[in-house]
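Visitor: Okay, here's what each chain looks like letter by letter:
There are 2 protein chains.
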Amino acid sequence: MESPRLRYSVRRQVLNELSVDTVAEKSEEVKTSVSAKIKESLKCSRPKAKNCFFSTLPLFYWLPRYPFRENALGDLVSGISVGIVQLPQGMAYALLAAVPPVFGLYSSFYPVLIYFIFGTSRHISVGTYAVMSVMIGSVSERLAPDSDFMIWNATTNESTVDTVTRDMQRVKVAAAVTFMSGIFQLLLGLVQFGFVVTYLSEPLVRGYTTGAAIHVIVSQLKYTFGISPDRYSGPLSLIYTVLDVCYLLPTTNVGTLVVSIVTIVGLIIAKELNTCFMRKFPIPIPVELFAVIIATLVSWRFDLKTKYEIEVVGQIPSGLQPPVLPEFSLFASIIGDAFALSVVGYGIAISLGRTFALKYGYKVDSNQELIALGLSNSIGALFQCFAISCSMSRTMVQISTGGKTQVAGALSAVVMLIILLKIGELFEELPKAVLAAIILVNLHGMLKQFTDIPQLWRTNKVDMLVWVVTMILTVVLNPDLGLAASIAFSMLTVIFRTQLPKYSLLGQVPDTDIYRPVEDYNQVKEIPGLVIFRSSATLYYANAEMYVDALAERSGMDIAKLLSRKKKLEAKRLRKEKKEAKKAKKEAKKREKQVEETSEESDHEEKFEITMEENAHETDSDLPKAIILDLSPVNFLDTVGVKTLRNIQKDYGEAGVQVLLSCCQNCVVESLEKGDFFNEKVTKAILFSTVHDAVLYCQKTEDEDMEATHF
Amino acid sequence: MESPRLRYSVRRQVLNELSVDTVAEKSEEVKTSVSAKIKESLKCSRPKAKNCFFSTLPLFYWLPRYPFRENALGDLVSGISVGIVQLPQGMAYALLAAVPPVFGLYSSFYPVLIYFIFGTSRHISVGTYAVMSVMIGSVSERLAPDSDFMIWNATTNESTVDTVTRDMQRVKVAAAVTFMSGIFQLLLGLVQFGFVVTYLSEPLVRGYTTGAAIHVIVSQLKYTFGISPDRYSGPLSLIYTVLDVCYLLPTTNVGTLVVSIVTIVGLIIAKELNTCFMRKFPIPIPVELFAVIIATLVSWRFDLKTKYEIEVVGQIPSGLQPPVLPEFSLFASIIGDAFALSVVGYGIAISLGRTFALKYGYKVDSNQELIALGLSNSIGALFQCFAISCSMSRTMVQISTGGKTQVAGALSAVVMLIILLKIGELFEELPKAVLAAIILVNLHGMLKQFTDIPQLWRTNKVDMLVWVVTMILTVVLNPDLGLAASIAFSMLTVIFRTQLPKYSLLGQVPDTDIYRPVEDYNQVKEIPGLVIFRSSATLYYANAEMYVDALAERSGMDIAKLLSRKKKLEAKRLRKEKKEAKKAKKEAKKREKQVEETSEESDHEEKFEITMEENAHETDSDLPKAIILDLSPVNFLDTVGVKTLRNIQKDYGEAGVQVLLSCCQNCVVESLEKGDFFNEKVTKAILFSTVHDAVLYCQKTEDEDMEATHF
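Protein chains in written order, with this note's numbering: chain A, 1 to 711; chain B, 1001 to 1711.
In case anyone wonders, no lab produced these hints; they're calculated from the structure. A hint or two may mislead.
Stated by the list, open to error - Computed beta-carbon distance windows for the label pairs:
| # | chain 1 | residue 1 | chain 2 | residue 2 | range |
| --- | --- | --- | --- | --- | --- |
| 1 | B | I1423 | A | K578 | 54 to 62 Å |
| 2 | A | G445 | B | F1331 | 42 to 50 Å |
| 3 | B | A1488 | A | L190 | 24 to 32 Å |
Backbone N, C-alpha and C define an ideal beta-carbon position, used for all residues, glycine too.
Next comes chain A alone, as it looks inside the complex (with noise of 0.2 Å):
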């Protein structure tokens, strides 16, 4: 099977052949083969062109080839399921955004429709999610602070907040934002970039998903506690808000907190008994809606709201409201937050569908996806909405409860809607602090990740790095500036990962055509005279200074030494040129005196810088006969690259050291031609496609060498 090894030459022969002229000999045959062939496959992994229609509205794609029989019980039921929990979450995650709970059923609704028609992943449940509630709640209580609705009660003496006024305020800023977010999404998605998704790494965007969670536990402590702390903004408002909260804490409503710890409990062991009971269910419990509508009861029954100054949901108006356009007014204020929530929202919607996708064999189309948000959003914002993403606990119960298509988010969309027309005012009475302590109890799974730090410590520690430093920039300085200043810390990370490579020197492995380096391996072998350099990263400006360093030191060679050496000797000679003259000179002169008498002096001199060139030339000998740098792992050459391998070239052929280059990639040749790397001097004959190559030309060349001088 294997072909017979070939001698230098020849396979030599076969490289210039194909390695010199890369760009121009590619033959134009296997060119259009091969992109026939990627075209083909192209094709078949999604539909162009004609399915264009399909690809915007993907609904009237699959909706007419909809497997009726198949999945349509499985959808109904699920769709039930998350319309039942939606109901409580949306309330919930309203009080997160600091609107008042009918919102968060409306953007429980709209929004959900929309992906419906435009959205592409089967089994995500599109709809309200916390950490979005949380950052849109930090700009409503921004530009809405309560502060500004302060009305005086002449009866009283006292004054209070006008509540009504600052929750439509609020409304109006949380639906503004949502339309912007929702913009740049549609705009991300038609200019197709949908890539930039890739800046959230897995580490990120969990360390960001924790961090969020911190934010949205404190955000809810003023419920559980009945309380009311100031309302903090910019950095470190987090950490003030704690402060305030620590502060205030003696001024806890009991009755608040009675209720807050009662429902937690409860919520906690009847979600074991769910999870313990799973295999015996067909459909969980619905909790959550048990536990509203317990709390509505007792609250209803016992007054909670008069006896205990319990703060209740209040008036939920029943019935849809007509569309209004955004406070157009608002969008400069909020430009920075709208960014953050659609790259926040898309990033979240899109690795979550992307999970399930994989998992169940189809394909999520990225820019699809934004178009779809987009429109959920900005539509959604017309009626009011605040910005949705997906949330992952309301997809699992989705799919765990048969869940196929997107006809299970569109039902749960229709329950929503028989509860907002007839049975949403019957919630008016429910404590708010029922609702954080279900917002804090679903929030087990984001704090969960807290365990990624040993894991991410075990495995990689770079990326426990982004992701303890992304959890800390969240927190510290708020989800909208510490998500941009975790991307930035993420991708600072990558020049770290390459600025710091490891220099090593290469071996041969006895009898193989293999190099390795000698420090990894105890059976390579150096090869006597020359030195194979290889850094484990690419080469370019944060690290190319160290490259030459690490060259320098691994070799032995130290160019500014060689160089001042070459030059100081070069001086020295000068000058004793000079000196030779002078008592040539004087010499002649003193011949003119003394013609016989022989100098002693002189020959001592001369004795002396026949030592010297000795010497020289011992150090030369000293130096490896070439430097083969194998520039594998370089996966591109900037400027600075080239002007270093240039520099490289230069100082040691300066020194006597051949250069050599190996395996090289076609995109770091085609940089080294366009950088002027090769001229007369320096030819691409000092390109080899392999180490060996290099070597077995090196010790060739030597071979000759030592041959003419024996001839």
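Put chain B on the given structure of chain A with help from the hints.
Guide: Leaving out everything else, chain B in the frame of chain A:
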């Protein structure tokens, strides 16, 4: 010379010994010998331990060894020349820094002396630098604007600026920001953070200095035209200033403009002459000094100040001033500017220093340079200097006039001292327009850098992008914020470059063990039944998804489709089985009625099933036997990368395609190990040291399979 080609089994055996337990099996012997070697080379490349004293106070090392006879004359001539150049430059750059000219003279004295003691570069001329000066100017004008120093003149009924108080305040601001930047440099030097400069790649530095040059030009227009535009700060301030200057052009002071034009034209002509006659004169003519002297004489003789209202330099106090502590209250508002100054100053100095060190064969210690500059700035600031770096033009003067060591710098400081003590006050009548003209003419070097754009366009488009974006960001966001944004952008380009790699299928160069991309070479042949895949870049979070997609496209195997087809086939088979079972029941019932009849229908069904199964088999045999991933360009693996490889391994494995990894660096193997890539199913046997080994392995197992089926 060549080792005989080894058969696969031998090679594999050798590699098994070597590759599997890379970390554990390291021979201590090899390790120590290597580390000893490195230590040795480290030792010879820089003085250590006992030389600690010398490395912090290099003066005491090199001054006793100063070759007086060789260098003294050159250094003396060079020192006087540089001192003469520094006089007009110092005064001019003081204008840029928005402080009275004498402080520019101080800045050309104290810091130079301190650098003489602590610096390690022998050739750079430390002192005032245009970019640094304009940065300081923007800070001092921001914190001490004209509007803060208006006084009401009761007699003229006009408000005028109290320039004396204003300038005193500006000097304080400049000294404070200089002190702080010096402290930053000192701290960075002490924690050995000299490497931060590696983030300043060459295209970035050149783009940055070009952008800064534009700031310098704009800041000097008011002196050139004799107008007083409003002061703007923050982003886009340059554009506002230009608009304001254009608006004020009709109010130009004609006298000032004439002086400016005459000086600029004169300087340009003189400089051209200087370049032409460079070889004839041993020392370049100090044209700027002549310009200053002539202008002062003319101004004094014709009383330009009162006759034509031309602004002159004004009072120059003679002698030195006692040190003053910087105003600590200013520190909070200048911290960002100070950091930018420290980075820029260091970046410029070290890049120039390194260039000349390489040229003249010695080494510049980057951390010691940071300390030297830090001390120069912080101690200088106590004497009310403004931040210094080194200037290219002065350095060229220093070298071309024969300067060989830091002594030249020290002598130039002595020249400055004489000027400060005796001659300075003579220049009080010098028009500021002349200084502005000197600055503008000196900028031609920086503006010449615009020719980088076509050159970089040809050699490296990404680096051109870095250059252009840096320049624009610097112009738009001002030098401080612009620097930060540019560094961030230049890091982003590393992501760009690796984010869109080239994906290729590799084929064998006939009769060799070399594998090359099939689309680049016309002689390579794809190995039938094998897919050899390579990405030109590292596999990490920003391109992991694309890697999977590209692999699917190039190999023609869409994992989603494969899996879904498999699932569908299975589902159909299940359904069929159910039907069969039903039919069997029916049959049984039928048989009860009509025992003898044979069912043709059932026969047909069976046939159909067989065809389907055959079909399934056929598509399976279409699949390649194995996928070989060439990971040689992978520099590191993050968790996303490991996960991606694991998914590829799992998904293709499930579809019956073997996945083999080849050419992994040790760090990649370590990441795979730590990331739990290997388990009982996926062992290290899938790692191959070359692509060829993997190919041989596949072919061997294929042969064995065939043999097994034959016998």
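Visitor: Now look at each hint and say whether the structure bears it out.
Guide: Status of each hint after checking the structure:
no.: 1; hint: B/I1423 x A/K578: 54 to 62 Å; in the structure: violated, 41 Å
no.: 2; hint: A/G445 x B/F1331: 42 to 50 Å; in the structure: holds, 46 Å
no.: 3; hint: B/A1488 x A/L190: 24 to 32 Å; in the structure: holds, 27 Å
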